[in-house]
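2 protein chains.
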Amino acid sequence: MRVLGVDPGLTRCGVGVVEGVAGRPLAMLGVGVIRTEADAALGERLVAVERGIEEWLDTHRPELVAVERVFSQHNVRTVMGTAQASAVAVLCAARRGLPVALHTPSEVKAAVTGSGRADKAQVGAMVTRLLRLAAPPKPADAADALALAICHIWRAPAQNRLRRAVAAHHATKGRST
Amino acid sequence: MRVLGVDPGLTRCGVGVVEGVAGRPLAMLGVGVIRTEADAALGERLVAVERGIEEWLDTHRPELVAVERVFSQHNVRTVMGTAQASAVAVLCAARRGLPVALHTPSEVKAAVTGSGRADKAQVGAMVTRLLRLAAPPKPADAADALALAICHIWRAPAQNRLRRAVAAHHATKGRST
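Taken in sequence, the protein lines are chains Z and W. Everything in the first sequence is counted per my numbering, starting at 1 for the first residue and increasing by one. Everything in the second sequence is counted per my numbering, starting at 1 for the first residue and increasing by one.
It is possible that part of the hints are untrue.
Partner residues are not named here, just some residues of chain Z that face chain W (Cβ under 10 Å, in silico) [stated by the list, open to error]: (1) L26; (2) G30; (3) V33; (4) E44; (5) V49; (6) F71; (7) V79; (8) A94; (9) L98; (10) A110; (11) P139.
With beta-carbon atoms standing in for the labels, derived distance ranges [what the hints assert, rightly or not]: (12) Z:R95 x W:A38: 37 to 45 Å; (13) W:A38 x Z:R117: 30 to 38 Å; (14) W:E44 x Z:M1: 43 to 51 Å; (15) W:K138 x Z:E44: 51 to 59 Å; (16) Z:R2 x W:G97: 49 to 57 Å; (17) Z:T11 x W:M1: 49 to 57 Å; (18) W:R117 x Z:L133: 27 to 35 Å.
Since the hints were made in silico from the structure, they are not lab data. Cβ atoms here follow ideal geometry from the backbone N, Cα and C, with glycine treated the same way.
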C-alpha cells in the first residue's frame, strides 16, 4: 500500500510517501515541504499548494492520501490556513478518485509513539527509526506527514477487520432467519 | 464592473453575480446555491463545490470574485466547512488569474443595510430593493452572496481613492525633495 501523508499548512505543507503493509518494514519513497510566501495573496498561496500536491501525486502515484484532520481549538489564524490548505489536498486527491483518510494529531502520535500526547521530537525520532532514516526529517511538518502515512498503513488493517467482522455478522444473521 | 459573490459553505454555497458601478443602479445577472450532500465524503463535497464554482465562472465571466472572510469565533464544525469551501472558491478564482476580495460579514451588512449587526431578513430586504427584484432571493445564502458582490462594488471606489491618494502623496513628496 502506497500512501501520501499530508500535514496541511499554508506556510509549510508537509508531504511524505510511505509504502508497506502493517507488520512488515515500511519504506519511505519521498518527503518534502510545499512552502508559500506569507505575504502573498491567499489565492496565490492556495494555487501554489495545489501545484505542489499535484506534483507529488504525479510523481509517486499513491493509492490513498492521508490528511491531518483539522480541529479549531488551536490558534484561530493558524487553523483557518490549515483548514484551507487541507481542503486543497483533499480536493486534489478526490478529483483523481483517490480515497482520502483523515486522522487526528493524537491518533497519529499514538500510532507511531504509543502516546497521543507525544511531542514533535518523539514523533520525529520514531519516524526516523520506523523508516530506517539516517536523521529525523526536517522540518517537523515533513516528519508529521510521514507519521500520518505510517498511521494510516497501520490503522487500515484494523479498520478492514472491523468492516469484515460486521459484514460476516450480517451474513450469519441472514442465514439464521 | 462584474462581481461574483460567494457565501461559502459545504451544505449550501451561495453564489450571485452583480454588475454595476458605485452610485448607479446595479443589475443582478444570476443567483443560486451550490449544494452538496451532508453524508457524502469531504473530498466529493469539495469536488462538487469546485465544479459548481467553475460553472458560475464559465457562465458569467466575472472580473472579480468577492468571498466572505471566514472567522472561527462561530460554531466549530460549521467554520471548518466554511473555511474549506471558501478555499475552493478562492482557488478557482486565483487559478484563472481573477482578483479575489475578502469581506467580513459585518462589512457586508454595513454596506447594504447601514448596520454591521443587521439580521438576515434585513440583508435580504435590502438586496431585493437594491437589485429591484420581485422577492428576496432564497435561501439566505443566495441573498448573502449578492450582498457580498454589492458590498464589493460599493467599497471598491473608496479603496481605489485611498490608493490614489497615497500614490499622489508619495508623488508630491518625490517632487518636493
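Hints breached by this structure: Per hint list: 1, 2, 3, 10, 11, 12, 14, 15, 16, 17, 18 violated.
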